[in-house]
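Residue-level listing of the chains:
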Amino acid sequence: MDDVLGLGPLLASTIRFATPLGFAALGGLFSERSGVVNIALEGMMLISAFAGVVGSYASGSALVGLATGLAAGLLIGLVHAAVSVSLQADQIISGTAINLLALGGTGFLMETVFGSGGTSPRVSAFDPVRIPGLADIPIIGEALFNQSVLVYLLYLLVPLTVFVLRRTRFGLRLRATGEVPEAVDTAGISVVRMRYAGVALSGMLAALGGVYLSMGVALSGMLAALGGVYLSMSLLSAFTENMTLGRGFIALAALIFGRWTPVGAIGAALLFGLAQALVVTRGSDVPIPQEFVAMFPYVLTIIALATFGGRAVAPAASGKPYRKE
Amino acid sequence: MDTRPAEAPDAPPPPRRPAAEVVRRQLGAAGRALVFPAVAAVLAFAVGAVVILATGQDVGAAYSALFRGGFGSAGAWGRTLLNATPLIFTGLAVALPFRAGLFNIGGEGQLYLGAIAAVWVATTLGGPAPLVVIAAIVAAGLAGFLWGAIPGALKGLGAHEVITTIMLNFIAINLVTWLALNPLAGASATPGTGSVADPVRLARLGAGLGRAHWGLLLGLVAAVIAYLVIWRTARGFAIRAVGLAPEAARYAGIPVAVNGLLAIALGGLFAGIGGGIEVLGVYGRVSIPFVANLGFNGIGVALLGRNHPAGVVLGAIFFGGLAAGAQEMQFAADVPLDLADVLLAVVLLFVTATGIAELLIGRRARALVDGTTLGRGLAG
Amino acid sequence: MEDRAPHRQGTAADTPVLEMRGVTKRFGAVVANDDISLSLGRGEVLGLLGENGAGKSTLMKILFGLYTADSGEVLVDGAPVRIASPRDAVDLRIGMVHQHFVLVGPLSVAENVVLGAEPGAAGLFDRGAAEQRVADLAARYGLAVDPSARVGDLSVGVQQRVEILKALYREARILILDEPTAVLTPQESHELFRVLRGLVDQGLSIILITHKLGELKQAADRITVIRDGRVIATVPGAGTSEGELARLMVGREVKLAGRRAAAALGVTTDAAEEPAGGADAAGPGGATAAGAATAGGGATAAGAGAAARAGPARRGPRGRGRRRCGGRWRPGGAAAGGVREDGGERPVRLSARGLVVAGVGGATAVHGVDLVELAAALAGTRPARAGVVELDGQDVSRLGAAQRGERGLAYIPEDRSTKGLVRDFTVAENMTVKTFDEPPFSRLGWLRPGAIRRFAARLVQAFDVRPADPDARAGSLSGGNQQKAVVARELTGEPGVVIAAQPTRGVDVGAIEFLHARLLAERDRGAAILLLSLELDEIRALADRILVIAGGRFVGELDADRATDEQLGLLMAGREMAPVGGALDPGDAAAGGRGTAADGHPPGSAPL
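From first to last, the protein sequence lines are chains E, G and H. Take the first sequence: its letter number 163 is residue 151 in this note's numbering, and every next letter is one higher. Heads up, this note's numbering is the position in the second sequence plus 147, with the first residue counted as 1. Heads up, this note's numbering is the position in the third sequence plus 677, with the first residue counted as 1.
I should point out that these hints are in silico values taken from the structure, not numbers from a laboratory. Certain hints may be false.
Unchecked claim - What follows is a list of derived Cβ distance ranges for each label pair: (1) Val170(G) / Ala706(H): 21 to 31 angstroms; (2) Glu168(G) / Arg827(H): 18 to 28 angstroms; (3) Arg703(H) / Leu141(E): 52 to 62 angstroms; (4) Pro1126(H) / Gly273(G): 41 to 51 angstroms; (5) Gly106(E) / Gly829(H): 51 to 61 angstroms; (6) Trp378(G) / Ala1079(H): 15 to 25 angstroms; (7) Gly105(E) / Val285(G): 34 to 44 angstroms; (8) Gly(-6)(E) / Leu293(G): 32 to 42 angstroms; (9) Ala1079(H) / Val169(G): 26 to 36 angstroms; (10) Gly105(E) / Val371(G): 31 to 41 angstroms; (11) Pro1126(H) / Gly203(G): 50 to 60 angstroms.
Even glycine gets a Cβ: it sits at the ideal position worked out from N, Cα and C.
Start from the sequences, fold in the hints, and give me the full structure.
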């Protein structure tokens, strides 16, 4: 069957745009469900993107980069938890602080590690892995199953998250913590520990999104798949200062849009990804200035929030520091 | 039986507080207000010291260069005040909406739009230079006001301002980039708009303060105006009521959405004027890329200043000095300039951390963070 | 009640299951518990009686590990124990049912019950096993509840059962219930006591905290009375008169006689002291607080009020200022957070006329959401989804809260700390929070702090708000003084209609007396007052007419003087009196079925 409409490349492009959003949105979900607002997703992604590149640069191995990226995400998650849970700082403000810390910190470290700001040296990244059989499905096969390992990881994480929330003790307690922490506390479970766990998981999931951004796919593969237009805002196997460009916030919007559920959040991330892919792959047919193309995801996010944000029901205790009497 | 209050004619006059007590109260309040910022700043410098040590530099040398570069001479003060000027505006842009319970992290975009509006007016409008300057500043303020009104309106639709203001920053930056490179592009070799004519630029303060300009004075005036608006007008009363207790305000018949919108739009107004003044006082044009992070740094300034206009001025001078000193530190001790941004972020990280001060001074500390926390989530 | 004799006997001989000795707890300068000692025998129901603020809840929080005592000791089975956290309490098999339930609304009954001790291997949560265990437990103790139901959808009475199940699931043998009947209908309360009796039969020991004398006499074997943080006395439940208990609790002789007396609280209002008719020692407990007397001479009971509407000639001497607050109202739907819409869309007109206190009681909605909704819809703070609100005959449905206020509608919201007051404003700012933008408090948009403070100082004094400092932070005031401040603001300017939603919730007795007297004074002045309350005793004490709301709609009206607890309870449980659709307006119905309704025998359903 011929893909005359170009659906395959469009889908592939959608997945690539949606993947970092999807990881971060799942990350936001674990944090929010524990009752901690995570504005810091942006910063967590950025720092992990950088840490991943440093790890990969130093070792020559993308897997080591993944490990260092995850470690950085965990660390930042623990910082956010320490400040907003243990020290009871305002969660939104401490999240904002982490974002600024990530921005300034990666700038500082670019100077310290690589000796100059801007863009890091190219590092080894995750090449696309073709899954035989599945990738042979007409039209969608190549798009869905000739992707980076990280994309497959995201495929697995969505049902896993659903399972964890619904079928494990941890999930039950996490949901309760985000709604009525007093109930968890009186049941003899530590609210603080649950929230640390939620935020730490959040940091690691956001880290996966960050690592995907900076080294999710080898550059050669990207070029082949997408062509030149894509490069201006695309995924390079290198770190560029402020390369997240608000994706952490868009992921938060996806989480809200998806009503704080894993499937909803991923659905919203895919929707955002599709819209961006449409603009990027089809936008060149229309003479729109590059700046307006770049604005598109942000405009879309605002529209999505303004249309559906008000109807969303957030975890009741989200944003409120928990204090025992 | 009739004890209705309105008809109680013999009620004694309310006790007048002696002036000395008023002053004492005010000073006490100011002193308490500084507890958190001081703790946060000390912690930030401690973290900074660890970072400097980790990069193998001499902490003493670095910090003494930092202080020298920020406050060590008239020239240093000039650079500090030059840096502080836009930060006063972007700090107010955070502080005023914060009083209405809204966290405006859109100062960056609002400042960009103010800058481009000022350049547009200043380069196209003819007439006496002082009038053009005023027109440019008004245009900058108006641009910021309108841009700030957008998240205010979106808030009414349920879109959280933290996300929408960030999104609007990216939109504004792209919009300004396009404007500066296309309709307003100048002839200069470096990309950006044309330059504002010299008579339309803000004069320097002189007095050995280097490039610090009269925009600083405008910043101080803006802070006074912000104070008066928040604490002396009926509108400010409404804004504060909405910020402290939206539900109670609604029950009292004070429209929450309208006052929130107005507050964040007024924040945008300040950021916009800040952008206009930065252009008229320093750069004379909007180059691409334009000066970054003034809006974001305003968040730290406002929180460090506990969202009080006087605190914002102090916070702006503190961060202005930090930025000025960081240049000296990079030069003298080879510590990257970005350390100033890191210090700022760390200050912000700790400045609302009730737990720290609780450890130091006990539970009374909780009252001290009033006015610097939002304590809510992302919905509604 | 059932015979409880077996439980009362023998307890003295055993080692107490629980003993507290010399427990003291201070909060700053305030001594909440002062050298308190008490004991609980096996299979005993111990009543803990005291006013709001007497220190009951603090004591129980110490017992449950939420507070730590400054001194004193707790013994379980005669051995000293240390309870530093709820977990310790649970390990000692102490369970607590808080006054405000600690339940996770979006989770199921079973999930709430097993939270923290979930069945399942290797970190998994076995939902099926959880539901089975909860069902077994419920059956064993006779608690009817569906384990798979979402807790947020349940009525207050059922939610309370979930709380009890939580304790039983953790094998509690000492159960503490904090004001368990505060939000229940009389029938639900009765059912609760039946359940508690069953628990005692199975060997549990129970501490019942309350300020309601009547039910305590019913349910408790012994009663320990606490006042001002000290144990005043421990008396047997049977054989102690309610008057005696009231005296012990309040610390002075209280008049329990007279109509409009909040009998169960042991409170008399000023108005009630005016001799006005055949009111006679109605007896405490409120259940029979009958008597046709009306305070102030001019007030009319509901029946008469209805007649007044039918014929203007009936207008009394204080007929001026007669106002009507009519509302057609429907529950606000999903946005209201848990209001059920069980088809209760029948439009209802509610009338409160001059010189009338109309009480509205209801308890089947979650935490009184129905009442809150009604008050908000009438006051204009939440738009009614359909229908008309009339004020003085004028349609004000489209007006906001502020405009309704300008037209003479005063509103005392049910939650002073989040709705009535801006806690971080000063008292002075709060006093003018509705009028700050008008002269003399501001001029040309500029505030005039002097005028605001002078005004506030006058109100603070007239309403005895303490401390009498207009510059004090409102949030730093005690509950009673906060409420006085709200009431002072709302009653300024002679409002024609006053909507008072749970005006005395959680305030001390002195403030209750004061607030009740104030409301009655407003009534005597000529205001129509709509009192929305979950406290039946309060409604009985103040109201001329009682309207009952249940499940989001009005289910009937009773004459306050003639209503029995049973009638009220049936109504509150959702049994309607008037079987037909259409407006349920006592005024309009004056000619017809009114008499029937007042008698409380719903034509369609016989009383139990």
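Evaluation of the provided hints:
1. Val170(G) / Ala706(H): 21 to 31 angstroms: holds, 28 angstroms
2. Glu168(G) / Arg827(H): 18 to 28 angstroms: violated, 56 angstroms
3. Arg703(H) / Leu141(E): 52 to 62 angstroms: Hint holds: Cβ distance 56 angstroms, inside 52 to 62 angstroms.
4. Pro1126(H) / Gly273(G): 41 to 51 angstroms: Once the Cβ atoms are compared, 46 angstroms apart, the range 41 to 51 angstroms for Gly273(G) and Pro1126(H) holds.
5. Gly106(E) / Gly829(H): 51 to 61 angstroms: holds, 53 angstroms
6. Trp378(G) / Ala1079(H): 15 to 25 angstroms: Distance hint for Trp378(G), Ala1079(H) holds at roughly 22 angstroms.
7. Gly105(E) / Val285(G): 34 to 44 angstroms: With a Cβ separation near 37 angstroms, Gly105(E) and Val285(G) satisfy 34 to 44 angstroms, so the hint holds.
8. Gly(-6)(E) / Leu293(G): 32 to 42 angstroms: Given about 40 angstroms between the Cβ atoms, the range holds.
9. Ala1079(H) / Val169(G): 26 to 36 angstroms: For Ala1079(H) and Val169(G) the Cβ distance comes to about 32 angstroms; the hint holds.
10. Gly105(E) / Val371(G): 31 to 41 angstroms: holds, 39 angstroms
11. Pro1126(H) / Gly203(G): 50 to 60 angstroms: About 57 angstroms separates the Cβ atoms of Pro1126(H) and Gly203(G), which means 50 to 60 angstroms holds.
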